[in-house]
Amino acid sequence: MRLLFDRIFQGADEMLALAEQALAAAVAEIGESAPVNMPNTAYFLANHSAYLKKNIRTIGDLNAAFPEVKRWHQREQRLENVFNTGFATFMAAEVIEACKYAVSADPYNGEYHGHLSDAEVRELGVPLVTGDIPGFVVIIGPAPSDEEAAELIKGYQSRAIFVFLIGGVIDQAKRMGVATGFPVRVVAVGPDIWQTAHIISFVNRAAMIFGAVTPGDREGFDHYTFHRIRAFVNAFDPVADIVAACGAGAIAMGFPVVTNDEKDMWPVPKSLIIQPASEDFIETSLEARDIRIKITKIDIPVAYSTAFEGEIVRRHDMQLDIDGSRVDCCELVTTKQPHEIEDHEITLIGPDFEEFEQGSRVCLCYVAEVAGKTMQADFEPVFERRIHDFVNRAEGVMHTGQRDNLRIRVSKDAFAAGFRARHIGEILYAAIKSDYESVVDKCAIKIYTRPEDCREIRALAQAVYEKRDERLAALTDESVDVFYDCILCQSFSPAHVCVVTPERLGLCGAVSWLDAKAANELDPNGACHKVTKERVVDEHLGIWEDVNETVKEASHGNLEQVTLYSIMVDPMTSCGCFECICGIEPLSNGVVIVHREHTGMTPLGMTFSEMASMTGGGVQTPGFMGHGKQFISSRKFMRGEGGPARIVWMPKALKEMVSAKLNAAAKELYGLEDFSALIADESVTEDVETLMEYLAEKEHPVLGMEPLM
Amino acid sequence: MPFKRAPQVFSAAIRELTLGTGGKAIAVGGENVLPLYAFDGPLKNPPRVGIELSDRGPDLSLPELAAFYAGADSPAEQARRAAAAPGADFLSLYLESSDPTGADAPVEESVAFCLEIAAAVDLPLVIQGSGHAEKDAKLFEKAAEALQGKNALIMSAKEENYKGVSVAAVTAYGQKIAAESSVDINLAKQLNVLITQLGISGDKMAMNLGVSAAGYGFEYIASTIDRVRLAALSQNDAALQMPVVTPVAREAWGVKEAIVSEEDIPEWGPRERRGINMEVCTAAALIAAGSDAVILRHPRSVRVVADLIANIL
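Protein sequences appear in the order of chains C and D.
Using numbering that gives the first Met the number 0, the first residue of the first sequence is number 0, and each one after it goes up by one.
Using numbering that gives the first Met the number 0, the first residue of the second sequence is number 0, and each one after it goes up by one.
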């Protein structure tokens, strides 16, 4: 058994010896003064330039620099030395290649690509920087078979990964008729391992051009290649020592090496990966280098567009009725460890759609398993709520409800077009991967259609839902470190900014604290940003200096201060899309709340729209405030003024929606049972005198509270 | 009570963007006072005026314009003529034909047009695409490559294509980039942040905040520029301190007043006059709102707006 250190040092010795020979031959043949010019580059020998900060112009320069190259190869068994030895190997390889180009302008005669021009660096660099090419692979070898070589190359091509070939794999590709060349993104660099110098030269020039890294700035190059160049190596068995030495350099640059050679090979996590099953090289490599492939199309037999979101599938057009109200159905997003799932694996467990009679009611559960380094369990419900939109967008598929009371109808037309259970999986996979690409590395879907499985999965899901609800209930403003702002509405309400907290969701009702958190993680430059809450001014009213600074900045100076828990002192502003408005009712010292759907009159003598005109557009109007429905039962609702006990009137429909939670809150805050029964509605009165009589009769707690003004 | 002057000079300033090379190079932006408030403090650069030339050539149905370009049959000739128009600080090439929903000229053709003109004139160049995000991305990459060393402004990178366009234009080929958003301060800021996160520094960028002709929802763009400028100066918001370049011409010449023929509405008078008026009043109002450069099509508009600027400052 040989140590990896020894193999790498031995390999470097071999490369340096070859370089020395090449140099000596070049000196003898063309002399020290002969120019060394790689074609079409302004960066001299880019590797020498990057690591040694030397502009090599002649064979003499190259010769003079060689002792320094050798010094980079040190033999102490330390990681740093191994990395330096790797770079020494690359520079030695560059010496060999430079001598070749010094002797002949076109040493490969078109058979191999060899050196890459600056134009090619720029052309390839742009899509690499933008992510349109997600990364590149250097395949070294021959593969175990010609077929496998072709399959590997085509697998990378189909994922838009740029491919460099070194060694025997080139002949294999040729025999299999795989087209090579820069335009098809498969470049046959050269037959020998020292031609890797051209790839490293490409990388170093990219760092200088796109990263403005200056020659000699070793740290700058390392940082750039590690963070910006998503490259990796596939080295086929047998990996010679000289290849291992190059591998050390690649690893030093941040490029993992994946190999199927198990002999004298020592795995290094994330860097040197032994994958005996070479047919799995692609997946192993992409995971090792954190490369996510963009989803561009959804593989289903029906059209897919937001245009179909509102489509209704009627009973007589219906092939299948997946009805969660009658049978066991559920949808669940769950987080897994990356090694537990295989990306894009869609598993149907149970009979497919054609095995059910037309028009029948069937049970169906699907579980989306996601994995990713930045994935958090808190995102699960956020993704899950989007499933409704995702599935609904398929033509001829209707989705309503969520969790375990969902309903999906598949139309006869969609069925006839070939829509089957698996396609629900394709939709979920594609939508989750593309909408949440920044956190989801892998996604697999399991679909269950047997009643006994569905029963079991539903029970599992219910336990998860319950846990999530507990987590939501336990989230308080005090228990979190940050709030979020949301400026989604500023395009039409430029002065408004929402501050979203666990106990106060956005006034539109659509952005909870978890939503805002997810939105921020997914797109830090989007509409939601973190707001710290370190410098408290008045916790009771909800005033923080940090919050005020954010509000001032995000409203572009329109607002100086907001309170989060008061409607009388600097209340939070509204854009115009609030679910509810509350406004003070002066006679009772209480507030009236009305929701958007209520068109009738209120005891204030104003309708919803009239009240809306008091508070929209980012204006602070003490006594009036827009808010979400869920906020009514929050422990923070109007805390500055005494809390929900101030509520004297709500439309019946709204009362019904919030009463359970509101009663619970009133019980906790005031020890009151059935508080919502004390609140008047339109069936009691729409005028203020009768309202006062009602409140007195019910002994509403507001009558004993401090005046609001 | 005596009048007390209180100049409002901000500690923050708009970045200065240089375009072109050699003696005709210009700087855009750089001010630390409100638009045209030269009485509060000196303006580093006056608002700049560009003249636009379409790859479809000038509209010869306009008599004055036809006379201006008379005898200039090649793009190079027309460009020389445009570049000589009094008041023109830069030349903007509108690659209208590249639009895939229109003539769909191949990229090579559009690039050849740019190269022909680049060889003929020494004014700084602005390259305007058709606005089709996908096609523009391809076109701008090739145009930026072909125009290496010209320090041209590529107009524009949008949300859909900003990565490829700005990396190619600025990082790979050393040009400048305008970030285009649609009349919304937050979108403008977001795009600027995203582009700078690609490693492109703010002094290589301009903003195109959107445009509408006077009377066609102009208030929206005016208030957007207003707010952007106030955020940049009074709040020192570095993500909004790029100079604003507004392509007025294609909006101004696209509205009813500039299109309807004199035969159809005789009482409106000659069409050319109307188009010029539309261009001039839109440009003047945009400059007052804070646009650091405007792009106009008609040489008379260019002269009038340039005179206006010279006389105000």
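Quick caveat, the hints were computed from the structure, so don't treat them as lab data.
Where is the CB? At the ideal position from N, CA and C, for every residue including glycine.
Treat each hint with caution, since some may be false.
Unchecked claim - No more than 27 Å apart at the CA atoms, straight line, and that leaves these computed lysine-lysine pairs for DSS-like:
hint	chain 1	residue 1	chain 2	residue 2
1	C	K697	C	K635
2	C	K666	C	K635
3	D	K162	C	K372
4	C	K432	D	K43
5	C	K293	C	K411
6	D	K162	C	K296
7	C	K296	D	K23
Unchecked claim - Computed Cβ-Cβ distance ranges for the label pairs, DEER-style:
hint	chain 1	residue 1	chain 2	residue 2	range
8	D	Q196	C	S157	23 to 33 Å
9	D	P99	C	E544	48 to 58 Å
10	D	R55	C	A41	29 to 39 Å
11	C	A104	D	Q196	34 to 44 Å
12	D	W267	C	M567	50 to 60 Å
13	D	A65	C	G417	52 to 62 Å
To be verified - Coverage of chain D stretches by chain C, computed from C-beta distances (three or more under 8 Å per stretch; other residues unrestricted):
hint	region
14	183 to 191
15	225 to 234
27 Å Cα cutoff - pair K697 (chain C), K635 (chain C): holds, 24 Å
Does the alpha-carbon distance linking K296 (chain C) and K23 (chain D) stay inside the 27 Å limit? Cα-Cα ~48 Å, so violated.
Please check whether W267 (chain D) and M567 (chain C) have a Cβ separation lying inside 50 to 60 Å. This hint holds: roughly 57 Å between Cβ atoms.
Using the beta carbons of P99 (chain D) and E544 (chain C), state whether their distance is inside 48 to 58 Å or not. holds, 52 Å
Honestly, do A65 (chain D) and G417 (chain C) meet the 52 to 62 Å range at C-beta? holds, 60 Å
Below or equal to 27 Å on CA atoms is what counts here, so check K162 (chain D) against K372 (chain C). holds, 24 Å
Given pair status - K296 (chain C), K162 (chain D), alpha carbons within 27 Å: holds, 21 Å
Given hint K43 (chain D) paired with K432 (chain C) - CA-CA distance at most 27 Å: violated, 49 Å
Verify this for me: three or more residues of the region 183 to 191 of chain D with a beta carbon less than 8 Å from a beta carbon of chain C. Answer holds; 5 residues pass the 8 Å Cβ test.
Measuring from beta carbon to beta carbon, are R55 (chain D) and A41 (chain C) in 29 to 39 Å? Given range 29 to 39 Å: holds, Cβ gap about 37 Å.
For a C-alpha distance cap of 27 Å, please report whether K666 (chain C) and K635 (chain C) respect it. holds, 14 Å
The hint says 23 to 33 Å between Q196 (chain D) and S157 (chain C); measuring C-beta to C-beta, is that right? The hinted range 23 to 33 Å holds for Q196 (chain D) and S157 (chain C), with Cβ atoms some 29 Å apart.
Checked against the numbered hints given earlier, this structure breaks hints 4, 5, 7; the rest are met.
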